[in-house]
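Asker: As a plain string of letters, each chain reads:
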Amino acid sequence: MNDPVKPPATPDADAPWPGPFVRYDLVKELVVALGAVIAVVVALAVLFSSPDEPPVTIQSWSRAAPADFLAIAVTELNRTSDVATYGPPYNEGTGSVQKIGPISLQEAAGVKVPIETARDYVLEPLHEVPGAPRLRAALDAYEAAPARLQEKWAANYEKALPEARFVAGVPVLPPGRYGPVEPMMASLLAMGQSGALDGALLAGGHRFYATDYTKPLLFVSAGEYFEKLAEHQHLLGTQWGMMNETGSFPGQVWLWLFSFWYQVEPFKSSPNADALIFVLMGVLSLAFICVPFIPGLNQLPRRLGVYRLIWRDHYREVET
Amino acid sequence: MRASIPLGAIFDLNGPAEYVSWHFIQISVPNLVVIALMIVVFVAALLIPFPKREREP
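Quick note, the sequences are listed as chains G and W, same order. So that you can map any letter, position 313 of the first sequence is 313 in the working numbering, and since no number is skipped, the others follow by simple counting. If you count the second sequence from 1, you need to add 1000 to reach the working numbering.
It is possible that some hints are incorrect.
Chain W stretches covered by chain G per the calculated footprint, using a threshold of three residues with CB under 8 Å from any CB of chain G [said to hold, decoys possible]:
{"#": "1", "stretch": "1012–1021"}
{"#": "2", "stretch": "1024–1037"}
{"#": "3", "stretch": "1044–1050"}
Note that these hints are calculated values from the structure, not bench results. By construction, the Cβ of each residue, glycine as well, lies at the ideal position given by its N, Cα and C atoms.
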C-alpha cells in the first residue's frame, strides 16, 4: 500500500484508492440545505416583507405634475423629445446612439421596438376618446395642416407652457398661435388624469395581453417628476442607483463593479458610457473565467493559503 | 396602498434609507449590512470545523 502522505510521483489512475472511506449522504445534505434555506426565506419574509412602493403611472404623474406632463407630451407631438430622437431600438434617430470606436451594436441590431412619438403618445390615444366633437375637429385640423405649421403650433405651445395656469385642472396659456394643439393637449391631460392614457399605451396593438410597459415607461421616464422621485430614492445612475432598492431594503449589491465605472472618468462624462462599460465588464469577466490559465494569478490560491485554513486538521495531522 | 395590507411586515423597511458617503462612494446602510453579513458567513465557513465523521477502514 502507498503511503497516503507521500503519493507516488506518477500516480496510477487504475490503482484502487489507498486511503480511508467516509460515508456521505448527498440526498440528506440536499434536503437539509433546502429546508434551511426555506426556513430562512420564510423567516425573513415574515420579518421584513418586500418593497411596497406605489407604482408611478401616467395618471399619478399627470395629477401630481400636470405642467411637467404637458411639457413632455408636446415634445412627443413635435418629435423633439428624448424618445423621438433616441435612435435604435425605437427609431432612426441618433440622439442616444452609443459606439465603441466605429462600431455601434445598437445600430447593428436596428429598430426592433418602433415608436413614432406623435402617433403613439398623442394622436392615436386622442382618436380613442369617444364623443368629443371639439377634440375631433382639432385632430382633423392638426392632421390636415402642413408639417411646418404643426411644428410651429407645438413649438409656440411649448414656449408658452411655463406661463400656463391651471383652472379647475384645465391648462390655460397666455393668448398665442397654438392652433389645435391647445385643445389636443388639454384633452390628453384629461385622458392622462383619468387613467385612460395608461390603458391606451399599455394595450397598444395587443388588446388581450396588455403587459408591454415599454411605451408608458418611456413616456413617464422623460419627465422631471420621475427623475425627482428616483433621486429621492437614490436610484439615479450618479447615485450608484443600480445597487439600490426603494425604501430601506438592501439592493443589488453584486452590481457594485458595474455601478463603480459610472462614477469615474472617462465613463462618467462619456456619451458612450453604457457601451464602453459593457465591453469593459465583458473583458473583465473573461479574465475572471481565465484565471486558472493566467500566469501569476493562477498561483494566488497556493500563495494565499486559504485552503490550509479550511483543511487545517488534515495539514496539522500531516505535518506532525 | 400600504395602509390596506392585511398582514404587514414586523419591521417596516419602506421608509427612506440612510446612506454613507466617502469621496465618490455612496452606499446604503442596508447594503452595508448585507455585505457585512456575507463576510461573516464567509469567515464562519472558513473557521467552523467540519463535523467529525466515523471513518471506515
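Asker: All hints are to be evaluated individually against the structure, with a verdict given for each.
Answerer: Hint-by-hint comparison with the structure:
Figure legend: the stretch 1012–1021 of chain W, annotated as covered by chain G; annotation consistent (8 residues with Cβ-Cβ distances under 8 Å, at least 3 required). Counting residues of the stretch 1024–1037 of chain W whose CB lies closer than 8 Å to any CB of chain G gives 11, which reaches the minimum of 3, so the coverage claim holds. Closer than 8 Å: that is the beta-carbon criterion, and the stretch 1044–1050 of chain W has 4 residues meeting it against chain G, so the requirement of 3 holds.
Violation of the numbered hints given earlier is absent; every hint is satisfied by the structure.
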